[in-house]
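2 protein chains.
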Amino acid sequence: MSHGSSQSSMSAPRAGAAVSLLPTYLADARAIQKYSPSTPNGALQLSVAENQMLEDLLVPSLTEFSSYHHGSFPADAIYYQPTHGRESLRQAVAAYLNNLLELEQELDPDGLVIGAGCNAVLENLCISLAEPGQGVMIPLPYYAAFDFDLGSRAGLKVVPVPTMEHSGAAPPKSSSTVPVEAYYPTRAALDAAKEKSVKEQAIEPRILLLSHPQNPLGICYPPHVIQECIDWCRDNKVHLVSDEIYAGSVYRKEEANFKSALKLARTPYGLGPYIHFVYALSKDFALSGLRVGFLYSENLEIRLPLQKLNDLCCVSSHTQLMVERMLTEKTSSDEDAAFWTDGFLESNHMRLQKRGDKWQQCMKELSIPHLSATAGLFCWMDLSEFLPAEGTPDEQERALYLELLRDYGLLFTPGRSMHNELPGFFRCVFTAASDQEFHLGLERLRRFVTKKRTA
Amino acid sequence: MSHGSSQSSMSAPRAGAAVSLLPTYLADARAIQKYSPSTPNGALQLSVAENQMLEDLLVPSLTEFSSYHHGSFPADAIYYQPTHGRESLRQAVAAYLNNLLELEQELDPDGLVIGAGCNAVLENLCISLAEPGQGVMIPLPYYAAFDFDLGSRAGLKVVPVPTMEHSGAAPPKSSSTVPVEAYYPTRAALDAAKEKSVKEQAIEPRILLLSHPQNPLGICYPPHVIQECIDWCRDNKVHLVSDEIYAGSVYRKEEANFKSALKLARTPYGLGPYIHFVYALSKDFALSGLRVGFLYSENLEIRLPLQKLNDLCCVSSHTQLMVERMLTEKTSSDEDAAFWTDGFLESNHMRLQKRGDKWQQCMKELSIPHLSATAGLFCWMDLSEFLPAEGTPDEQERALYLELLRDYGLLFTPGRSMHNELPGFFRCVFTAASDQEFHLGLERLRRFVTKKRTA
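Sequences listed follow chains A and B, in order. In terms of the UniProt record's numbering, the first sequence opens at residue 1 and continues consecutively. In terms of the UniProt record's numbering, the second sequence opens at residue 1 and continues consecutively.
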């Protein structure tokens with residue numbers, strides 16, 4: 001029967017197809033010896049978006065939050081919970097987000113869904129907004145795992161949105177002069193990407209997904225850019241999903257001028273059906289192991305479907321209890337005392353800024369073009385001057401990636417794995433290392449640049 | 001573009017379609033006042049498969065397991081974990097299952113995947129084994145949520161397997177003489193269901209899903225029935241998924257003669273690619289709030305896909321730590337001391353048997369045909385003598401269901417919601433109540449039967 005389409009009766013074709021959506025660049029890295037005190041020449045892993053600078057703050061606090069206010073595990077947490085999360089936790093999350101995003105109008109806890117990570121809630125949100133085969137527009141460059149998260153089970157197609165041609169900024173003559181404006185998704189860029197997708201691939205975009213603050217660029221889109229996206233989405237009846245998972249990692253607040261899409265899209269009639277939001281504890285709290293993600297929407301047509309679909313990716317009641325305590329804990333018994341989260345995020349900002357400044361200082365010394373980072377865990381570097389002369393852009397970048405990895409022990413995320421338009425750009429995750437490793441990374445980069453330029 | 005197929009630009013058709021797969025019988029129950037000490041005439045909820053008899057054992061133990069062996073939250077649990085679960089937890093789960101299922105050959109921890117509930121791991125397993133539109137065969141009657149779990153995102157179709165005509169047992173003359181054998185899926189029943197599905201619906205079954213011990217029947221399939229299913233699956237290159245979520249709730253061990261499919265399917269060459277297993281803590285440990293499920297397979301073609309897909313429904317590291325402690329805890333520091341799980345399950349068996357015996361004693365007194373329950377939380381009752389004379393079978397059963405609910409305050413799971421072949425059968429979850437509520441349920445059933453028979 002199905003043997004025609006199926007390669008083997010032992011598995012379904014979609015199982016292998018899902019795996020093929022994963023980024024492949026790490027395969028090269030697997031064979032390389034990693035850095036450790038006993039293998040000091042091993043490669044430094046600066047490509048995974050984790051913040052390893054917060055253990056000293058997290059371990060004692062998580063230990064405390066794991067205990068129970070009234071001494072024992074609450075009996076009601078044994079049984080089935082509301083599929084979209086415990087009510088008290090949804091209230092705590094709403095209050096936390098109101099504060100973090102500086103919202104004038106408070107979020108409705110009934111519009112929140114708590115699921116097993118940002119990827120899990122994003123998947124269900126997109127399933128509720130688009131049919132298999134329809135498109136999710138994402139400005140370039142974008143987080144490589146979106147292809148898997150949106151494609152593997154939801155069956156959605158990523159529609160890349162190139163920005164450079166339509167940015168209104170002077171077109172980059174050479175890659176080393178790319179201004180930050182060239183990365184902004186403008187109306188022209190969105191129109192062009194949508195039209196091309198429909199005409200050339202017969203894929204209808206139903207969703208525009210923004211990473212804001214932007215991963216991998218380490219910047220925030222200015223409010224006027226977000227506003228343009230909101231207006232374009234409403235005009236085109238395309239859903240805007242604002243992924244603000246780094247909203248609490250904006251460490252240069254003035255320069256960043258970060259404004260949540262939830263703030264900018266608010267009208268006297270609410271957000272309306274086309275504006276949606278996702279967030280998680282994985283980045284701002286460095287708690288990727290907890291798999292706790294949130295989505296928010298005021299679209300009532302998808303509320304019940306989202307609550308039901310979330311039954312397939314619920315967060316343990318046990319962890320919901322700990323997270324509720326974490327989000328509501330005050331730093332003292334004083335009524336006006338600050339929340340624990342405020343102090344934690346402030347410490348994080350100081351640490352992020354210190355490392356970010358050091359890395360950018362090094363970039364400046366070495367005259368390596370880079371974006372001025374204000375948020376997230378990244379610095380976006382233009383290493384295109386070091387691309388070999390021969391080969392396709394992909395081949396050129398891969399050669400440079402392997403040279404950095406094998407000859408200099410530096411594992412950065414290659415820009416082409418994030419679908420960057422120009423080759424030779426890399427994301428450095430400057431938080432994915434100890435202080436000592438971070439400084440070794442700076443040293444190795446200096447050595448690389450010096451050697452290449454004097455060769 | 002897609003506006004032809006889409007009812008509204010505000011949501012995707014599949015969002016509403018997913019909701020339509022949910023069982024509807026509880027909608028009638030929502031408007032009814034529930035029983036509580038202050039509303040003593042309210043309806044008793046005996047239709048949700050939860051075990052509420054274990055709080056006194058669970059609360060102190062969970063409190064203890066929530067603390068950390070070495071005093072503080074382990075730093076490595078902050079970060080991304082292996083997507084299929086922490087290695088130490090997979091080892092603990094393998095050891096627990098080896099013991100529970102009395103396996104001669106130990107499970108390979110690398111074949112285990114730990115995900116956010118039995119529904120979550122089952123979905124990914126079936127996604128890896130079958131394409132959208134293909135079929136999952138399930139013997140009747142079956143747990144109503146399988147339609148949602150397998151259909152909503154995985155796009156699979158449930159192919160019902162009627163058993164009565166093909167059971168080899170004498171065909172039931174009236175519904176009140178249905179012997180247990182009539183529910184066994186035989187080769188003849190499987191052949192007939194597969195052929196009908198392919199011919200009449202063009203759905204190719206790729207999976208046979210067994211609930212073993214059986215929900216809602218409260219029995220275990222005898223080993224020869226499981227063996228027949230294993231052989232049939234291997235002969236037909238259909239995947240067997242044995243859902244053994246009630247394996248630790250077999251409370252009449254001798255009568256039940258429960259044998260895991262993992263035990264019966266084992267060959268000198270392993271399980272082979274067609275045998276798979278799912279389990280969870282929700283039933284045997286009454287921990288549905290924790291959302292901790294397991295799958296096991298030795299099919300290497302789906303191993304990597306399963307590990308990656310599980311990234312969309314991971315269990316919090318925090319809860320993985322607690323569960324690891326729960327599964328490895330000994331009752332004393334003595335090396336030969338029993339595991340905490342053994343003592344817990346033994347207590348549970350005694351309590352299940354006590355309630356089960358009482359309910360069945362009442363059935364006997366009232367001469368209500370029922371299956372002799374040996375496992376799970378259920379008693380399967382034949383109330384067809386009380387069906388009204390008029391209407392289709394569905395209408396008859398619904399009238400009886402509403403009468404029990406509205407006039408007698410008894411909320412049982414109606415058999416037709418579980419696709420039972422004959423109308424008038426109900427599942428009583430005798431654990432979903434306090435002792436006092438349970439006895440009130442018995443009393444109300446006696447009143448119902450007496451009144452109906454004397455009417």
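Everything labelled a hint here was simulated from the structure, so no lab data went into it. Glycine included, each C-beta is placed from N, C-alpha and C at the ideal position. There may be inaccurate statements among the hints.
Claimed, not checked - Below, simulated BS3-like cross-link-like pairs (lysine-lysine); rule was C-alpha separation at most 27 Å, straight line:
| id | chain 1 | residue 1 | chain 2 | residue 2 |
| --- | --- | --- | --- | --- |
| 1 | B | Lys34 | A | Lys308 |
| 2 | B | Lys308 | A | Lys34 |
| 3 | A | Lys308 | B | Lys157 |
| 4 | A | Lys237 | A | Lys259 |
| 5 | A | Lys157 | B | Lys196 |
| 6 | B | Lys263 | B | Lys196 |
| 7 | B | Lys34 | A | Lys157 |
| 8 | B | Lys308 | A | Lys308 |
Said to hold, decoys possible - Per the computed footprint, the stretches of chain B lying under chain A, defined by three or more beta-carbons under 8 Å from a beta-carbon of chain A, are:
| id | segment |
| --- | --- |
| 9 | 78-88 |
| 10 | 288-295 |
Going down the list of hints, with the structure as the test:
1. Note on Lys34 of chain B and Lys308 of chain A: the hinted pairing holds, with a Cα-Cα distance of about 23 Å set against a maximum of 27 Å.
2. Taken as a hint, the Lys308 of chain B and Lys34 of chain A pair is honoured in the structure, with Cα atoms around 23 Å apart against an allowance of 27 Å.
3. Restraint check: the Cα-Cα separation between Lys308 of chain A and Lys157 of chain B comes to about 19 Å, which is no more than 27 Å; the hinted pair holds.
4. A hinted pair counts as satisfied when its Cα atoms are at most 27 Å apart, and Lys237 of chain A with Lys259 of chain A qualifies at roughly 22 Å.
5. Between Lys157 of chain A and Lys196 of chain B the alpha-carbon distance is near 35 Å, which puts this suggested pair outside the 27 Å criterion.
6. A hinted pair counts as satisfied when its Cα atoms are at most 27 Å apart, and Lys263 of chain B with Lys196 of chain B does not qualify at roughly 31 Å.
7. Distance hint between Lys34 of chain B and Lys157 of chain A is unfulfilled; the C-alpha atoms sit about 46 Å from each other, more than 27 Å.
8. Of the pairs offered as hints, the one joining Lys308 of chain B and Lys308 of chain A holds, with about 23 Å between alpha carbons and a cut-off of 27 Å not exceeded.
9. Note: the segment 78-88 of chain B has 4 residues with beta-carbon separation from chain A under 8 Å; the three-residue rule is met and the coverage holds.
10. Interface restraint, the segment 288-295 of chain B with chain A: holds (5 residues with C-beta to C-beta distance below 8 Å; minimum three).
Hint violations for this structure: numbers 5, 6 and 7, all remaining hints satisfied.
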